[in-house]
Amino acid sequence: MEQFILRDLLLFFLAAAILADDGLVTFVSELASKPAQKLSKYGWYGNVRLQRFHIPEETAVARWVFTVTKHNNFNCGEYNVSIYLRWGAPPVINPVGTVFPKATLWSPPYSLSVPVTSQSSTTFNLSTPAPGDWFIAAHLPEDDGRIQQKGFPSCSFFFQPQLSIRKAVDTPVLEQDTTLQQTTGPNQAARFKLYVPEFTSSVSVRLTNCSSVEQSDSCSVVLRLGSRALQEEPLLVNCSGTQCSATLPNPPWDTWLQVVVETNHSNRTVTFSIVSHYTVGCKPKSVGLAIDDDIRKLRGDKSSSNSTSAKNSTEPVSNATSSLTPVSASACVWNLAVLSEELDVLSVRYTPTTGANISVSDKRPTLLSYPLHTATTGGTLNLLLSLNTTNGTLGNDSSVVACLTPWAPVLELNHSVSCQTALFKGYSVSVNTSAPKAVLRLPYPQPATWYLTLQLTCNGTNCGNASVVSVVPEVFVSACVEDCGTYGECRLIRSFTYLYAACSCKAGWSGWGCTDGSKALSYSRQLLAALMLTISNLFFIPAIVVAVRRWYITEASVYLFTMFFSTFYHACDQPGVTVMCIMDYDALQYCDFLGSVCSIWVTILCMARIKDTFKYALFLLGALLCALSMQLDRKGLWNMLGPVLCALLILVAAWVYRGVKRHHCYPPSWRRWVFFLLPGALCALIAVSVFVFAQTEDNYYYTHSMWHILVAGCVVFLLPPKEQQREQTGWTQGFSWTWSWRPRVCGYTLCESGKDELYAVT
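For the sequence shown, position 708 matches number 708 in this note's numbering, and the numbering has no gaps at all.
There may be inaccurate statements among the hints.
Said to hold, decoys possible - Here are the simulated distance ranges between beta carbons: (1) Ser504 / Gly77: 22 to 32 Å; (2) Gln181 / Pro141: 49 to 59 Å; (3) Tyr616 / Asp344: 17 to 27 Å.
What the hints assert, rightly or not - Lysine-lysine pairs mimicking DSS-like chemistry, simulated, CA-CA at most 27 Å apart: (4) Lys41 / Lys425; (5) Lys425 / Lys437; (6) Lys102 / Lys363.
In case anyone wonders, no lab produced these hints; they're calculated from the structure.
Predicted model only: the values in this text are computed from it and were never measured.
Built from N, CA and C at the ideal position, the CB exists for glycine as well.
Please take these sequences and the hints and turn them into a complete structure.
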């Protein structure tokens, strides 16, 4: 597979070298690669492997090579890896067809499907890509719900993307009303760039004096303005004759715009003159120190706000912070300054400096701008628009229309103008008397300056007395949609240095905001699951009673510890609303896992019948080592397998030693083997099989409850009978067991009989 990648890169560099000699533009190449990551089956967005690539300005061609490698062919099937590409922000995906929350808008990203054998590779080429960050997401098909224990061999897939680009380094700049003479031919596209300043209402590019050697007076070329972002395509014009022009209304502000001229024929060279021109509908005045007054007013300084209130009410256009010099009366807007506050990770709040209430007129639109940086694109952009009816009334045939667009605003809103700019689509909402509130949510918004245009529209020619109304626009960035609701948890995910958020749903709920309840668990089913997982731990009570009656007080204490923390851990671990946590969840989980392993450890050592001094020393040493292992990797395979193997090794060594010493099988009684050891071993084997192979997310509370019952049952069978050598003189006459044993004096020390103990059957 590496040979194919090297071959593609060689051809790529060869094409770059050929184009570098065309005498028009010099091209250079750059390579970028990301480390291979293990793919996961899709259950929520946290299972997606996200990679970020940066494409610089003036990039002509970008080529991605996606390589998927299969490792450990154990239990592997045929899978298709889903790959998504999106410019500016992570792709918003919905591979399982769940329902999105209300008022949440999204567009499906560009996607690929790669079938995987042992190693698969696919390429994706993109001409004139949009500069900036590009995000690649990949995952396996939907998770089947099977719970795989960590450490067991399983099928694994690794995904590695690579990017190679061809970038122009000396692209000619189209200046305002300055004509350039250029030539385009086969494999020799003429490339230009022009800067679009802020408040530009339209940009036009004009080709004149077109001619070719093969055919005079022919402008048979393709004129392309803008870059490709997969979802947003550039403006494409097929030219003919001697001249051609293209116009972009509402172009993106404060950015470089790519212009490409290509010939339509494979054997024709065209010479032409090109010139650009942009117009400005409204241009603001210079902002002076008056902006400080607005900030003080926003903080609550009444002295500064009172001094400017009269001027704002009578002359909104002449305010230093929001004034515009009208060039075209129909295109002029009120531009209001906005304060941006970073509250937390993926949490930004925007507040107009004039206050929460914004006056909206039917004469001119009101414009607010919200700068959104790359660090906040991993969250959700929220717009809440409310109609303030206390300051005035709105007619039944009137409404306030809002248009939210990136890169450039829509400078005029009416029934005939759609909410979109030249290269990017917008998002429109409206409020009126019957619907005074509107909500708009955009997950993973693109990094740009977002513009909100507000205007009062009426069905008639004018709005009459209600020509100015008051609205409250609330714009903010949050990590997740409504904090994922009742049945979800908003989690921060990191991909190298990039942070983004996603909802992890529970109790069968799904969707981007955990609002899809088509497969949700009912309250009765949640309660049943909680009761089964907690009450099943009470089956440790017989094991505790048997251990106490047989004088295994230490072992009984471990079983009691395990039963207590397993009960309250599962009461806290419930996915729905039937949850009760007596302490921190992490502490409960740690104690539950530690108690389970220690229970197995002390039971097998108790069966070995070694001397008390060594037994209790091994009890303590094993518990300390298990605690260390749990701290390092709580769900690792060897956390349980290691203590079990060590304890079984000690058990076998002790039994073999006694069997060789006595020249008889140990334990000697066949009844002990048939009625206790074999049933206990069978219970343990069934419990391990259920725990490892049968557990899924759907049947978890059935199978794990069975695990509790089987483990507690095998302890009852496997605990050996009480030691007959200890003299039992009780404190009370009514009990058959005692809390003390009578020592004998051997010289200066207390001692017990060193006689070998028999494995008696009671």
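_Violated hints - listed by number, lowest first_ = Numbers 3, 4, 6 - these are the hints that the structure violates, sorted from lowest upward.
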